[in-house]
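Enquirer: Kindly generate the complete structure, drawing on both the sequences and the hints.
Protein chains: 2
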Amino acid sequence: MTANSTDSPSDSSGEVWQPSDAALADLLGALAYGELSAFDRLAEDARTAPTLVTRAALAKMAGAEIGHYRLLEEHLRTLGVAAETAMAPFVTALDGYHRSTAPHDWLESLVKVYLGDGLAADFYSAVAGWLPEPTGSLVRKVLADTGHGAFAEREVAAAIEQNRQVRDRLALWGRRLLGEAITQAQYVVADRDELAELFVRGFGDMSGIAVLFKKLQLQHNRRMGALGLA
Amino acid sequence: MTANSTDSPSDSSGEVWQPSDAALADLLGALAYGELSAFDRLAEDARTAPTLVTRAALAKMAGAEIGHYRLLEEHLRTLGVAAETAMAPFVTALDGYHRSTAPHDWLESLVKVYLGDGLAADFYSAVAGWLPEPTGSLVRKVLADTGHGAFAEREVAAAIEQNRQVRDRLALWGRRLLGEAITQAQYVVADRDELAELFVRGFGDMSGIAVLFKKLQLQHNRRMGALGLA
Numbered sequence: 008m009t010a011n012s013t014d015s016p017s018d019s020s021g022e023v024w025q026p027s028d029a030a031l032a033d034l035l036g037a038l039a040y041g042e043l044s045a046f047d048r049l050a051e052d053a054r055t056a057p058t059l060v061t062r063a064a065l066a067k068m069a070g071a072e073i074g075h076y077r078l079l080e081e082h083l084r085t086l087g088v089a090a091e092t093a094m095a096p097f098v099t100a101l102d103g104y105h106r107s108t109a110p111h112d113w114l115e116s117l118v119k120v121y122l123g124d125g126l127a128a129d130f131y132s133a134v135a136g137w138l139p140e141p142t143g144s145l146v147r148k149v150l151a152d153t154g155h156g157a158f159a160e161r162e163v164a165a166a167i168e169q170n171r172q173v174r175d176r177l178a179l180w181g182r183r184l185l186g187e188a189i190t191q192a193q194y195v196v197a198d199r200d201e202l203a204e205l206f207v208r209g210f211g212d213m214s215g216i217a218v219l220f221k222k223l224q225l226q227h228n229r230r231m232g233a234l235g236l237a
Numbered sequence: 008m009t010a011n012s013t014d015s016p017s018d019s020s021g022e023v024w025q026p027s028d029a030a031l032a033d034l035l036g037a038l039a040y041g042e043l044s045a046f047d048r049l050a051e052d053a054r055t056a057p058t059l060v061t062r063a064a065l066a067k068m069a070g071a072e073i074g075h076y077r078l079l080e081e082h083l084r085t086l087g088v089a090a091e092t093a094m095a096p097f098v099t100a101l102d103g104y105h106r107s108t109a110p111h112d113w114l115e116s117l118v119k120v121y122l123g124d125g126l127a128a129d130f131y132s133a134v135a136g137w138l139p140e141p142t143g144s145l146v147r148k149v150l151a152d153t154g155h156g157a158f159a160e161r162e163v164a165a166a167i168e169q170n171r172q173v174r175d176r177l178a179l180w181g182r183r184l185l186g187e188a189i190t191q192a193q194y195v196v197a198d199r200d201e202l203a204e205l206f207v208r209g210f211g212d213m214s215g216i217a218v219l220f221k222k223l224q225l226q227h228n229r230r231m232g233a234l235g236l237a
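As you go down the protein sequences, you meet chains A and B in turn. When you read off a place in the first sequence, starting at 1, and then add 7, the result is the number in my numbering. When you read off a place in the second sequence, starting at 1, and then add 7, the result is the number in my numbering.
Source of the hints: derived by calculation from the structure; they are not laboratory data. Quick caveat: nothing in here was measured; it's all calculated off a predicted structure. Hints may contain errors.
Because identical chains share one entry, a pair is satisfied inside a single copy or across any pair of copies.
Using 25 Å as the maximum straight-line C-alpha spacing, the simulated SDA-like pairs for lysine to any residue come out as follows [unchecked claim]:
1. Lys148 - Leu59
2. Lys148 - Val88
3. Lys222 - Ala178
4. Lys222 - Val195
5. Lys148 - Ala64
Expert: Listed below in structure tokens is the structure:
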């Protein structure tokens with residue numbers, strides 16, 4: 008890659024590459040639908056939470072996701088795109104992911120939220136590294152922890168402490184989640200040319216994307232460890 | 008009532024009356040659980056909303072309710088009371104109300120949110136008139152419209168325009184909601200001495216409460232009219 012005064016990637020001619028508005032709208036649309044889906048999941052989990060304290064905690068996390076959704080909606084508007092238009096192409100894949108990984112109980116829910124949010128945050132923060140401003144800053148802001156992390160670690164640790172069977176089941180569950188997420192992500196990219204080009208250009212080339220995948224997998228395993236499921 | 012330099016009610020001895028912290032915690036606990044329940048309802052409605060636009064609109068309203076919940080939780084903390092402790096006495100009555108008025112479809116949901124929020128706002132703003140500061144201001148802030156109003160009016164108007172049967176069904180539904188709300192409110196007050204005393208003292212006497220009930224009924228009817236259901 009040719010050196011240039013900014014951190015923006017450049018192509019072999021030395022020209023600074025800028026992602027198209029359509030590709031940015033795709034990226035933000037996928038992120039926005041991710042927030043809306045996360046809201047749904049958390050709100051549903053809140054309803055089945057075992058105590059009033061956990062119910063309120065999950066409802067507040069759901070509220071934080073919607074705060075992020077609002078920021079994305081607002082930013083999409085400045086690009087001249089309605090949030091619903093930007094989100095529409097990603098509904099099938101994300102709903103497919105959630106359908107194929109419907110949690111059977113409260114603990115599977117917690118593990119899914121924890122690992123899924125972590126994976127999304129890792130992926131989008133890698134992307135934010137080469138996004139133009141103000142989009143890069145917005146993405147970083149939207150990925151701010153909404154409090155799931157510490158909460159999930161506490162609850163899962165308490166549940167598996169005395170029960171090896173639960174631990175093994177959740178460990179299997181955590182590994183399955185990564186597989187399903189990668190499957191759906193591949194469908195999305197195969198279907199959206201602008202987005203595929205964005206990633207290839209942004210990460211340099213296909214080997215840049217391979218490096219990213221390896222990194223996402225390592226971080227997923229590290230999070231499994233933090234839950235006591237390694 | 009003896010005249011005094013503030014708007015605070017005074018008893019026949021001319022002494023200015025101040026609600027106890029326990030009564031305030033009850034009042035705020037009921038309001039907080041109302042917000043948490045409203046969040047649940049809106050989040051559930053969001054899931055069944057007919058379009059991505061309405062789904063996002065309802066999710067944002069649910070997020071606003073949680074914003075209000077956070078303010079109440081914070082204020083309760085300054086009174087030395089955990090939100091879950093303050094809410095606990097009101098769970099049965101509010102859940103009972105929601106169970107006995109479970110909407111059968113999207114339109115019944117909308118009408119319920121619109122009328123229920125209106126009723127709660129009327130009631131709490133009457134109460135805020137004689138609450139000490141900063142509790143009075145907090146209650147007024149928490150009652151700020153979260154955007155349901157215009158949204159529900161638009162959706163219901165569109166649905167009943169061409170369908171008299173739907174209109175009649177929703178009109179009946181709207182009247183039933185008021186009856187159920189009053190029934191549950193009576194259970195709550197009968198069960199909570201501090202709260203009952205707060206209302207009697209705050210509104211002056213039993214006839215003050217009768218005036219309030221009349222006013223709530225009139226405003227409910229006015230809102231039925233705004234929905235086209237009078």
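Enquirer: All hints are to be evaluated individually against the structure, with a verdict given for each.
Expert: Verification of the hints:
Taking the shortest Cα distances, lysine 148 and leucine 59 sit within 25 Å of each other only across copies (24 Å), while inside one copy they are farther apart (29 Å). For the homomeric pair lysine 148 and valine 88, the shortest alpha-carbon distance inside one copy (20 Å) is at most 25 Å, but the shortest distance between copies (32 Å) is not. In this homomeric assembly, lysine 222 and alanine 178 come within 25 Å of each other (Cα to Cα) only inside a single copy, at 19 Å, whereas the closest approach across copies is 58 Å. Proximity of lysine 222 to valine 195 under the C-alpha cut-off of 25 Å is restricted to the intra-copy arrangement: shortest distance 20 Å within a copy versus 56 Å between copies.
Taking CA atoms no more than 25 Å apart as the test, lysine 148 paired with alanine 64 passes in both settings, with 21 Å inside one copy and 22 Å between copies.
Violated hints for the displayed structure: none, as all numbered hints are satisfied.
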